[in-house]
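There are 2 protein chains.
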Amino acid sequence: MKIVCEKEKLIKGINSVVKGVSSKTTMPILEGILLQTNDNKLKLTTYDLEIGIEYIISCDIKEEGSTVVNAIMFSEIIRKLPNTDIYISLNEQNLLVIECEGSLYKLATMNPDEFPELPKIDIHNSIEIEQNKLKNMVRKTIFAVSNEENRPIFTGCLFEIKNNKLNVVAVDGFRLAWKSVFLDSKTHDFSAVIPGKTLNEVNKIIQDSFDMVKIGVSKNQALFELDDCKIVTRLLEGEFLNYRNAIPNGFETRIRVNKNILQDCFERISLISSSSIEKEKKYPVKLFIDIGKLTISCTNQTGDAKEEIYLSTEGKNLEIGFNPKYYLDALKSIDDEEIFVDFGTNISPAIIRSVEEDGDYIYMILPIRLKE
Amino acid sequence: MKIVCEKEKLIKGINSVVKGVSSKTTMPILEGILLQTNDNKLKLTTYDLEIGIEYIISCDIKEEGSTVVNAIMFSEIIRKLPNTDIYISLNEQNLLVIECEGSLYKLATMNPDEFPELPKIDIHNSIEIEQNKLKNMVRKTIFAVSNEENRPIFTGCLFEIKNNKLNVVAVDGFRLAWKSVFLDSKTHDFSAVIPGKTLNEVNKIIQDSFDMVKIGVSKNQALFELDDCKIVTRLLEGEFLNYRNAIPNGFETRIRVNKNILQDCFERISLISSSSIEKEKKYPVKLFIDIGKLTISCTNQTGDAKEEIYLSTEGKNLEIGFNPKYYLDALKSIDDEEIFVDFGTNISPAIIRSVEEDGDYIYMILPIRLKE
Chain A
1 MKIVCEKEKL IKGINSVVKG VSSKTTMPIL EGILLQTNDN KLKLTTYDLE
51 IGIEYIISCD IKEEGSTVVN AIMFSEIIRK LPNTDIYISL NEQNLLVIEC
101 EGSLYKLATM NPDEFPELPK IDIHNSIEIE QNKLKNMVRK TIFAVSNEEN
151 RPIFTGCLFE IKNNKLNVVA VDGFRLAWKS VFLDSKTHDF SAVIPGKTLN
201 EVNKIIQDSF DMVKIGVSKN QALFELDDCK IVTRLLEGEF LNYRNAIPNG
251 FETRIRVNKN ILQDCFERIS LISSSSIEKE KKYPVKLFID IGKLTISCTN
301 QTGDAKEEIY LSTEGKNLEI GFNPKYYLDA LKSIDDEEIF VDFGTNISPA
351 IIRSVEEDGD YIYMILPIRL KE
Chain B
1 MKIVCEKEKL IKGINSVVKG VSSKTTMPIL EGILLQTNDN KLKLTTYDLE
51 IGIEYIISCD IKEEGSTVVN AIMFSEIIRK LPNTDIYISL NEQNLLVIEC
101 EGSLYKLATM NPDEFPELPK IDIHNSIEIE QNKLKNMVRK TIFAVSNEEN
151 RPIFTGCLFE IKNNKLNVVA VDGFRLAWKS VFLDSKTHDF SAVIPGKTLN
201 EVNKIIQDSF DMVKIGVSKN QALFELDDCK IVTRLLEGEF LNYRNAIPNG
251 FETRIRVNKN ILQDCFERIS LISSSSIEKE KKYPVKLFID IGKLTISCTN
301 QTGDAKEEIY LSTEGKNLEI GFNPKYYLDA LKSIDDEEIF VDFGTNISPA
351 IIRSVEEDGD YIYMILPIRL KE
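Protein sequence lines correspond, in order, to chains A and B.
Taking the numbering used here, the leading residue of the first sequence gets 1, the next gets one more, and so forth.
Taking the numbering used here, the leading residue of the second sequence gets 1, the next gets one more, and so forth.
The hints are simulated quantities; they were obtained by calculation from the structure and are not laboratory data.
Warning: the hint list may mix true and false statements.
One copy or any two copies: either way a pair holds, since identical chains are not told apart in the list.
Straight-line distance between alpha carbons at most 30 Å, and here's what the computed BS3-like set of lysine-lysine pairs gives [as the list claims (entries may be wrong)]:
#, residue 1, residue 2
1, Lys80, Lys9
2, Lys325, Lys19
3, Lys80, Lys332
4, Lys80, Lys371
5, Lys80, Lys293
6, Lys41, Lys306
7, Lys259, Lys12
8, Lys135, Lys24
9, Lys106, Lys371
10, Lys120, Lys41
11, Lys162, Lys204
All chains should be modelled from the sequences, with the hints used to inform the complete structure.
In structure tokens form, the structure reads like this:
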């Protein structure tokens, strides 16, 4: 193997694939990047047996070949080299030789035949979506995926294509986040649950750009395809929540509020609610809605907190308890200025949505029962 | 106690004193800020029994009083309040009441009589120096203080005033950093060793400004005095190194090199030298100086590294081993472009200094003996 490659191109590829490198593994080969040349292209591959990432760089191939090199070491050295052409080759001792101006590095390599093959994907269904749109959808839902491995299906986001609309939904038993967007081209209905961990990586790789990303799905796998990069992941198996039925219709009490004001109040009050010395005890914050006024309060050993917001209300007065963290997660991901929060009784979920007609997200948060 | 204070003023004071709050303590009172009113001023004090910090804020005192409140909780709440006047008072239940627009917080307090008194300092000697100059002197030396508590005197920086010059010196047995600056006004000679931990805190509080800071010293204590802030610290006891005698005169081999180029080489090569699987083994980098050329190299299980720099040399050829971290720490703190590195034999220290006539810093680094 013998190649010449601009540093900038190489580092862009490395930055994308290192995200797929296994950090906790007993198999050193999974800590590596597979380098493969083919037809004036260099392919970089990483695979942690869950997520596989491939990146293609066009460069000057003097001699074909392949090898595996420790990803962290390779990326750190390339990153610190001067911004010019880098010469990479494999010598007789199977060391990867990196040359650039006065610098000469030789790194131990591993056998490329031992690098696990990425699963072949037989794509049944696919959609195309702008990268910025996908990035935004993931950002607006992923915080609500469950961390509990005993119900693995909820550690991922549902991608549901229905009536030419993509719905991304996450739920963890206490709250639900649902974001939807119309697709530009006609598509069959289908759905798949993609691991949250994969979506975190995908969101680091895709850009805030209008370039498209193609999402293809087979029975057990999904493929995210960009111009020069492919990300392969397994799908989560099982029955996802029938989320449409979980969301109540109508309301008994409604508030209309400036998102930032509500967020600031929850941020301050959660300083008190989360500061309890008895960590295991949950101290909910109490929302009290009276005509034209919302009062949020919390009391524990650290102190008392009370926040009052004057706003427009509709329906009955209500006293209801919540974990403020769930509100904060949802509010932080909302870009609109004005929102509705709809309540039923003090034991039914609250619904956050945009005041705008075309609001395309819904957050649902379950209450905590208040002690008398 | 009853005061009204602008948020900005209050937060500036809190930011300065929270740096003195004890993080690892079994005494809750040391996790607190002492609030004391006096003559339309509010004094904030923190003290971890090593470093004490006082900050004076002018504000509207409606009723005199004093109390102690948990520093982290108090600072977090103030930080998140809107940018306007904040009303602070002590109620009948001894709760600290914080009011600001729609927000009302009540925090548990502690007895101000139990807050330890800061040591009174009987200043024998003092100097004044611009804050930016002190900040720079500390930055250029503090990395070389020792972390080893078995020789406590070397966990601090020597402040030596001699012939109207301030010398700040740090040494850890493997290297030495010495920075000096002329003082504007005549001063008696004296010296004191100030704990590195204190200097880190001082450097966070002083600004890159031309405002003066006064450093006063008693037998066991030092006082840093700014316009609105005082920092009290104990001094380290013991005999500091006679550092002038430790620095060799003359050289057998000299290189003149661009600081950034040398730093880049050491940064890359330390990726290899610090990556050994056998962590306990020290892999020095080898410097080889030939006419007009410096070669830095390193070999271990991870790989081989070699860096070549063409530069101007003087004197004998030399092969010598070093810990690259010590070079990097020194080089990172140098602002000059061109430096000399002077060597003696391969078992004597190297000296880094500025090419400029008025270079006012010296770094000394001991070599590591190379295996044959």
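Now the hints, each set against the structure:
no., hint, verdict
1, Lys80 with Lys9, "within (14 Å within a copy, 43 Å between copies)"
2, Lys325 with Lys19, "both (28 Å within a copy, 28 Å between copies)"
3, Lys80 with Lys332, "between (36 Å within a copy, 15 Å between copies)"
4, Lys80 with Lys371, "between (59 Å within a copy, 28 Å between copies)"
5, Lys80 with Lys293, "between (57 Å within a copy, 21 Å between copies)"
6, Lys41 with Lys306, "between (62 Å within a copy, 28 Å between copies)"
7, Lys259 with Lys12, "between (37 Å within a copy, 28 Å between copies)"
8, Lys135 with Lys24, "within (27 Å within a copy, 41 Å between copies)"
9, Lys106 with Lys371, "between (66 Å within a copy, 21 Å between copies)"
10, Lys120 with Lys41, "within (21 Å within a copy, 72 Å between copies)"
11, Lys162 with Lys204, "within (27 Å within a copy, 56 Å between copies)"
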